[in-house]
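Trainee: Sequence:
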Amino acid sequence: DVLIIGSPVKIPVRAEAAMALSSNIPTICVDHGNESGSGDHPVWGFDEQSYCSHFVGYGSAWIKAVENGKYIKPLFSKPKYIKSNSTYIKANYVSKKIDKLDNDLSNLKFAYIPTKLMGSKRIGPFLSISDEEYIAWQKYLFKVFSNLDYKAHPKQKIDHQIGDVNIIHDNIENCVNKYDGFIVDTVVTTAFANIAATNKPIIYFNIGFGNLSSVALKPINDRVIWVDVDINNPGDIVKRIEKKLSKPLINNFTNQFCIIDDNNSREKTVVDIVKRIVK
Numbered sequence: 006d007v008l009i010i011g012s013p014v015k016i017p018v019r020a021e022a023a024m025a026l027s028s029n030i031p032t033i034c035v036d037h038g039n040e041s042g043s044g045d046h047p048v049w050g051f052d053e054q055s056y057c058s059h060f061v062g063y064g065s066a067w068i069k070a071v072e073n074g075k076y077i078k079p080l081f082s083k084p085k086y087i088k089s090n091s092t093y094i095k096a097n098y099v100s101k102k103i104d105k106l107d108n109d110l111s112n113l114k115f116a117y118i119p120t121k122l123m124g125s126k127r128i129g130p131f132l133s134i135s136d137e138e139y140i141a142w143q144k145y146l147f148k149v150f151s152n153l154d155y156k157a158h159p160k161q162k163i164d165h166q167i168g169d170v171n172i173i174h175d176n177i178e179n180c181v182n183k184y185d186g187f188i189v190d191t192v193v194t195t196a197f198a199n200i201a202a203t204n205k206p207i208i209y210f211n212i213g214f215g216n217l218s219s220v221a222l223k224p225i226n227d228r229v230i231w232v233d234v235d236i237n238n239p240g241d242i243v244k245r246i247e248k249k250l251s252k253p254l255i256n257n258f259t260n261q262f263c264i265i266d267d268n269n270s271r272e273k274t275v276v277d278i279v280k281r282i283v284k
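Take 6 as the starting number for the sequence shown in the working numbering and just add one per residue.
Derived from the structure by calculation, the hints contain no laboratory data.
There may be inaccurate statements among the hints.
[Stated by the list, open to error] DMTMM-like cross-link-like pairs, simulated, lysine to aspartate or glutamate; straight-line CA separation at most 25 Å:
#  : residue 1 : residue 2
1  : Lys252    : Asp109
2  : Lys102    : Asp267
3  : Lys280    : Asp6
4  : Lys114    : Asp154
5  : Lys183    : Asp109
6  : Lys114    : Glu178
7  : Lys85     : Asp6
8  : Lys69     : Asp227
9  : Lys280    : Asp267
10 : Lys102    : Asp227
11 : Lys88     : Asp6
12 : Lys284    : Asp6
13 : Lys69     : Asp267
14 : Lys244    : Asp104
15 : Lys248    : Asp109
16 : Lys252    : Asp241
17 : Lys105    : Glu178
18 : Lys101    : Asp227
19 : Lys148    : Asp169
20 : Lys114    : Asp169
21 : Lys223    : Glu72
22 : Lys88     : Glu178
[Stated by the list, open to error] Derived CB-CB ranges, DEER-like:
#  : residue 1 : residue 2 : range
23 : Ala96     : Ile172    : 22 to 30 Å
24 : Gly240    : Leu113    : 18 to 26 Å
25 : Asp175    : Lys244    : 27 to 35 Å
26 : Val283    : Gly11     : 16 to 24 Å
Every residue gets a Cβ at the ideal spot worked out from N, C-alpha and C, and that includes glycine.
Could you put together the complete structure from these sequences and hints?
Mentor: Structure representation (structure tokens):
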């Protein structure tokens with residue numbers, strides 16, 4: 006009577022969804038990643054949006070992101086959007102207030118949270134910085150910051166060596182309290198959604214990885230210390246951070262992209278929509 010799927014990026018899942026939709030069987034896609042609407046990428050339109058009749062996302066921002074987006078519109082008819090809570094973020098989010106960074110960055114302990122190396126498995130056009138360039142950038146980061154841990158991506162399969170670096174393999178959710186702040190170079194990830202919900206400062210080096218939706222641009226800019234970087238010629242990134250330390254940070258991201266006003270669990274939201282459809 007109803008098909009419930011995860012991401013239809015995988016071809017077998019997409020085939021099942023297409024078959025169900027062709028038979029007028031309601032198909033519910035349950036979004037992943039703890040946030041919905043930050044990125045304006047073709048993969049979200051072609052895959053996530055195009056092979057379902059109902060889309061269970063996070064927060065409420067997705068609706069405006071699709072309306073104003075260039076690449077995340079579905080190929081076919083637009084599915085009905087059901088907003089819901091990220092269970093982890095709902096349980097851990099405290100307030101919009103963000104701690105300020107100490108003026109002496111060397112006194113602080115940071116975690117660097119990269120995206121994974123992709124090899125030949127590209128999901129472009131906005132997520133296609135070469136692995137060689139990305140590794141060179143990472144090596145530069147760890148030359149500049151001595152007080153930095155490398156938080157390994159949980160799905161990283163390509164081995165590489167960037168030097169004598171402390172690598173953390175634990176989930177970021179289990180180690181957020183060990184750090185004074187975080188360094189990222191992409192903000193369209195589950196990890197960013199999770200750390201954005203904390204009250205800890207985030208330094209975002211925009212190296213051109215990912216394409217933000219128009220509705221996410223300001224909330225993310227408000228949340229982070231944003232530094233645009235030429236990955237091939239980074240320059241003095243510490244000095245550029247120091248110039249922005251007085252910037253007041255506020256979290257207007259979590260309430261829009263990750264959680265909603267009610268306290269219903271994500272599981273209950275999915276069960277309720279199934280009941281409505283079957284009824």
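Trainee: Are the Cα positions of Lys183 and Asp109 separated by 25 Å at most?
Mentor: holds, 18 Å
Trainee: Does Lys69 pair with Asp227 here, judged by a C-alpha cut-off of 25 Å?
Mentor: holds, 19 Å
Trainee: For the pair supplied as a hint, Lys88 and Glu178, is the alpha-carbon distance within the 25 Å limit?
Mentor: holds, 23 Å
Trainee: Within 27 to 35 Å or not, the Cβ separation of Asp175 and Lys244?
Mentor: Cβ of Asp175 to Cβ of Lys244: about 32 Å, so the range 27 to 35 Å holds.
Trainee: Is the Cα-Cα distance between Lys102 and Asp227 25 Å or less?
Mentor: holds, 11 Å
Trainee: Verify the proposed pairing of Lys280 with Asp267, using a straight-line Cα cut of 25 Å.
Mentor: holds, 19 Å
Trainee: Between Lys114 and Glu178, is the straight-line Cα distance small enough, at 25 Å or below?
Mentor: Holds, at roughly 16 Å.
Trainee: Check whether the Cα positions of Lys252 and Asp241 lie no farther apart than 25 Å.
Mentor: This hinted pair holds, its Cα atoms lying about 19 Å apart.
Trainee: Is the hinted pair Lys280 and Asp6 satisfied, with a Cα-Cα distance of at most 25 Å?
Mentor: holds, 11 Å
Trainee: Is Lys88 close enough to Asp6, meaning Cα to Cα at most 25 Å?
Mentor: holds, 22 Å
Trainee: Honestly, do Val283 and Gly11 meet the 16 to 24 Å range at C-beta?
Mentor: Given range 16 to 24 Å: holds, Cβ gap about 20 Å.
Trainee: Does the Cβ-Cβ separation between Ala96 and Ile172 fall within 22 to 30 Å?
Mentor: holds, 27 Å
Going through the hint list in order, the structure satisfies each hint without exception.
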